[in-house]
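Starting from the known structure of chain A, fit chain B onto it as the hints suggest.
Protein chains: 2
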Amino acid sequence: MTPTLHDIRMAAQRIKPYAHRTPVLTNASLNQQVGAQVFLKCENLQKVGAFKFRGACNAVYSLSDAEAARGVCTHSSGNHAAALALAARMRGIPAYIVMPSNAPSVKKNAVAGYGGLITFCEPTLEARESTLDRIRIETGASVVHPYNDERVISGQGTAALELLEDVPDLDVIIAPVGGGGLLSGTSIAATEFKKGMRVIAGEPEMADDAFRSMQAGEIIPSVNPKTIADGLLTSLGALTFPIIQQRVEQIVTVSEAGIIASMKFVWERAKIIIEPSSAVAVGVLWEKKIDLRGLKVGIILSGGNVDLEKLPW
Amino acid sequence: MTPTLHDIRMAAQRIKPYAHRTPVLTNASLNQQVGAQVFLKCENLQKVGAFKFRGACNAVYSLSDAEAARGVCTHSSGNHAAALALAARMRGIPAYIVMPSNAPSVKKNAVAGYGGLITFCEPTLEARESTLDRIRIETGASVVHPYNDERVISGQGTAALELLEDVPDLDVIIAPVGGGGLLSGTSIAATEFKKGMRVIAGEPEMADDAFRSMQAGEIIPSVNPKTIADGLLTSLGALTFPIIQQRVEQIVTVSEAGIIASMKFVWERAKIIIEPSSAVAVGVLWEKKIDLRGLKVGIILSGGNVDLEKLPW
Numbered sequence: 001m002t003p004t005l006h007d008i009r010m011a012a013q014r015i016k017p018y019a020h021r022t023p024v025l026t027n028a029s030l031n032q033q034v035g036a037q038v039f040l041k042c043e044n045l046q047k048v049g050a051f052k053f054r055g056a057c058n059a060v061y062s063l064s065d066a067e068a069a070r071g072v073c074t075h076s077s078g079n080h081a082a083a084l085a086l087a088a089r090m091r092g093i094p095a096y097i098v099m100p101s102n103a104p105s106v107k108k109n110a111v112a113g114y115g116g117l118i119t120f121c122e123p124t125l126e127a128r129e130s131t132l133d134r135i136r137i138e139t140g141a142s143v144v145h146p147y148n149d150e151r152v153i154s155g156q157g158t159a160a161l162e163l164l165e166d167v168p169d170l171d172v173i174i175a176p177v178g179g180g181g182l183l184s185g186t187s188i189a190a191t192e193f194k195k196g197m198r199v200i201a202g203e204p205e206m207a208d209d210a211f212r213s214m215q216a217g218e219i220i221p222s223v224n225p226k227t228i229a230d231g232l233l234t235s236l237g238a239l240t241f242p243i244i245q246q247r248v249e250q251i252v253t254v255s256e257a258g259i260i261a262s263m264k265f266v267w268e269r270a271k272i273i274i275e276p277s278s279a280v281a282v283g284v285l286w287e288k289k290i291d292l293r294g295l296k297v298g299i300i301l302s303g304g305n306v307d308l309e310k311l312p313w
Numbered sequence: 001m002t003p004t005l006h007d008i009r010m011a012a013q014r015i016k017p018y019a020h021r022t023p024v025l026t027n028a029s030l031n032q033q034v035g036a037q038v039f040l041k042c043e044n045l046q047k048v049g050a051f052k053f054r055g056a057c058n059a060v061y062s063l064s065d066a067e068a069a070r071g072v073c074t075h076s077s078g079n080h081a082a083a084l085a086l087a088a089r090m091r092g093i094p095a096y097i098v099m100p101s102n103a104p105s106v107k108k109n110a111v112a113g114y115g116g117l118i119t120f121c122e123p124t125l126e127a128r129e130s131t132l133d134r135i136r137i138e139t140g141a142s143v144v145h146p147y148n149d150e151r152v153i154s155g156q157g158t159a160a161l162e163l164l165e166d167v168p169d170l171d172v173i174i175a176p177v178g179g180g181g182l183l184s185g186t187s188i189a190a191t192e193f194k195k196g197m198r199v200i201a202g203e204p205e206m207a208d209d210a211f212r213s214m215q216a217g218e219i220i221p222s223v224n225p226k227t228i229a230d231g232l233l234t235s236l237g238a239l240t241f242p243i244i245q246q247r248v249e250q251i252v253t254v255s256e257a258g259i260i261a262s263m264k265f266v267w268e269r270a271k272i273i274i275e276p277s278s279a280v281a282v283g284v285l286w287e288k289k290i291d292l293r294g295l296k297v298g299i300i301l302s303g304g305n306v307d308l309e310k311l312p313w
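As given, the protein sequences belong to chains A and B, one line each in that order. Position 184 of the first sequence, counting from 1, maps to 184 under my numbering, and the rest follow consecutively. Position 107 of the second sequence, counting from 1, maps to 107 under my numbering, and the rest follow consecutively.
It is worth saying that the hints were derived from the structure and are not from the lab. One or more hints might be untrue.
As the list makes no split between identical chains, a pair holds if one copy fits it or if it spans any two.
[Claimed, not checked] The calculated lysine to aspartate or glutamate pairs, modelled on DMTMM-like cross-linking and capped at a C-alpha distance of 20 Å, are:
hint, residue 1, residue 2
1, K16, E249
2, K108, E268
3, K264, E129
4, K194, E268
5, K194, E165
6, K107, E268
7, K108, E67
8, K310, E165
9, K296, E67
10, K107, D307
11, K310, E268
12, K264, E126
13, K264, D307
14, K107, D230
15, K16, D166
16, K108, D169
17, K195, D169
Excised from the complex, chain A in its bound form (with noise of 0.2 Å):
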């Protein structure tokens, strides 16, 4: 079933007491530069660092006690894995993480941090599904997908939800897209919050799936996409597509270029720390392919996870 906006404000109440309310942020200088009005909803102040807290938190709240006894399991090397092993950390359960053998050691770390339980495998989709089942098939425990999942999806939601009861006359409302649990989730809650608002998403040039999808009207996933926008490297999924193509206005691509200008002039203006994924969308209004000179724009800053050490500058 297709989340409703009910499904989302459910969700928000669900993790109020766990996840971060997290501030929308103006800027002087941003708004100079791109000729619109922009209001940043801070994803990256979210706990693990992430929107992808939400949809996880949501997921492991959403289970009965005794479907959260066997816990919840996954595979991800990414923000996902870390914010499941935390939502699960909270309620008591295992979390146990499907993760390729050459993940970095960065995100090793961060998922075991949060006490997550790591089986590693050979770095192909064969063998982490394969890997994912065995697991699933021992423990009982609940499969959250990143993305393709309806409690994932209302939980990304609560991040515009909260967005819109903080400045309610906005005109549109950008996120990134990737495998489009957080677009899907945000074009919901925007939609049915406000007839007529306008959803655009941004996505790298570089992995630009979901715009060719669009064009095609069926799902074209990306084959080996290289940009500097990690977390936007999926393609997306069969639940997400359909509420994409129905409630989000267009798909914007943005260079590498304009990906890395948008994410410096964030963090010198701004002064907040947003990871390239986060970068997409802004650079949407820094690009200017398309108009919106004039209007209110809210923003979802996605995450703020980056190497310190390996700035793209």
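Here is chain B on its own, set in the frame of chain A:
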């Protein structure tokens, strides 16, 4: 006249239309690391990236229309100059800024970007003061000192006032100390808002004039201090010192290594950009020279102006 809590409340009303009400952030990793419950008052997210805007704005909007028409002036190469320029631009009056000819171009550009009218002089205190005096006489502009000014102290105190409105049951507030404007405003707000509220200052070991002045019972200026916390190079003033003597429990010195480690930890975990001077306040908890275990500790993060090309790690 020493400012009172009433003056600070008036300042808060006066600057409200112009300044950000900055968020108060919490971070579980930081709490665990330092063993206290920490509330970060994010003046790094203030306009011009520093608390300095509060004091400058209060001074500018305290002027009568006749005074204001003649403008404001100061000598400063740092955040205060940028803050005064912006506040003056908001009121539509000139800001005359005396800067040493060898000031970094990034600082010159910041002040010029906010519309400040810069006069360069030789890089000596004598040249700065005589140049400022000449401009004051020529223009009739009001001098706004960076910290030794009641209006400035009252403005700086509004950050602590907001923090206490948001988190009334704090046990301690920690602020960094340079010239003492922020610290004296903070200490008035805190100790008058709630009797018995503890106020502690963080100061770089390498620029420990406030520490030594408190020991000696008289102002002992720093001589050529060298610390990464370049916002804290100035020494206490005649107005700030007695307030600090009366209301601040103690000055805790922080090593350069502690400043850098605290700064990096906040960037990595809290995802906000703080400058070394802010990290000095965090460093008081980080280095654990004094026992604040289990307490609710408010920290004034003073600013976030950092050259992203020259990070200390």
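Here is how each hint holds up against the structure:
Neither within a single protomer nor between protomers do K16 and E249 lie at most 20 Å apart by alpha-carbon distance, with minima of 30 Å and 37 Å respectively. With identical chains, the CA atoms of K108 and E268 are at most 20 Å apart between copies only, with a shortest distance of 16 Å across copies and 30 Å within one. For a Cα distance limit of 20 Å, the shortest separation of K264 from E129 qualifies neither inside one copy, at 37 Å, nor across copies, at 37 Å. Taking the closest pair of Cα atoms, K194 and E268 never come within 20 Å of each other, the shortest separation being 33 Å inside a single copy and 36 Å across copies.
In this homomeric assembly, K194 and E165 come within 20 Å of each other (Cα to Cα) only inside a single copy, at 11 Å, whereas the closest approach across copies is 33 Å. Proximity of K107 and E268 under a CA criterion of 20 Å is satisfied inter-copy only: 13 Å between copies versus 26 Å inside one chain copy. In this assembly of identical chains, K108 and E67 lie within 20 Å of each other by CA distance neither inside one copy nor across copies; the values are 26 Å within and 61 Å between. Neither within a single protomer nor between protomers do K310 and E165 lie at most 20 Å apart by alpha-carbon distance, with minima of 36 Å and 39 Å respectively.
Taking identical chains as interchangeable, the C-alpha atoms of K296 and E67 are never at most 20 Å apart, the minima being 43 Å within one chain and 37 Å between chains. Taking the shortest Cα distances, K107 and D307 sit within 20 Å of each other inside one copy (10 Å), while across copies they are farther apart (27 Å). In this assembly of identical chains, the alpha carbons of K310 and E268 lie at most 20 Å apart whether taken from the same copy (17 Å) or from different copies (13 Å). Within a single copy, K264 and E126 get their C-alpha atoms no closer than 37 Å, and across copies no closer than 38 Å, so neither meets the 20 Å cut-off.
Both within a single protomer and between protomers do K264 and D307 lie at most 20 Å apart by alpha-carbon distance, with minima of 14 Å and 11 Å respectively. Taking the closest pair of Cα atoms, K107 and D230 come within 20 Å of each other only inside a single copy of the chain (13 Å); across copies the shortest separation is 34 Å, beyond that limit. Taking the shortest Cα distances, K16 and D166 sit within 20 Å of each other both inside one copy (16 Å) and across copies (18 Å). Taking identical chains as interchangeable, the C-alpha atoms of K108 and D169 are never at most 20 Å apart, the minima being 41 Å within one chain and 38 Å between chains.
Taking the shortest Cα distances, K195 and D169 sit within 20 Å of each other inside one copy (12 Å), while across copies they are farther apart (42 Å).
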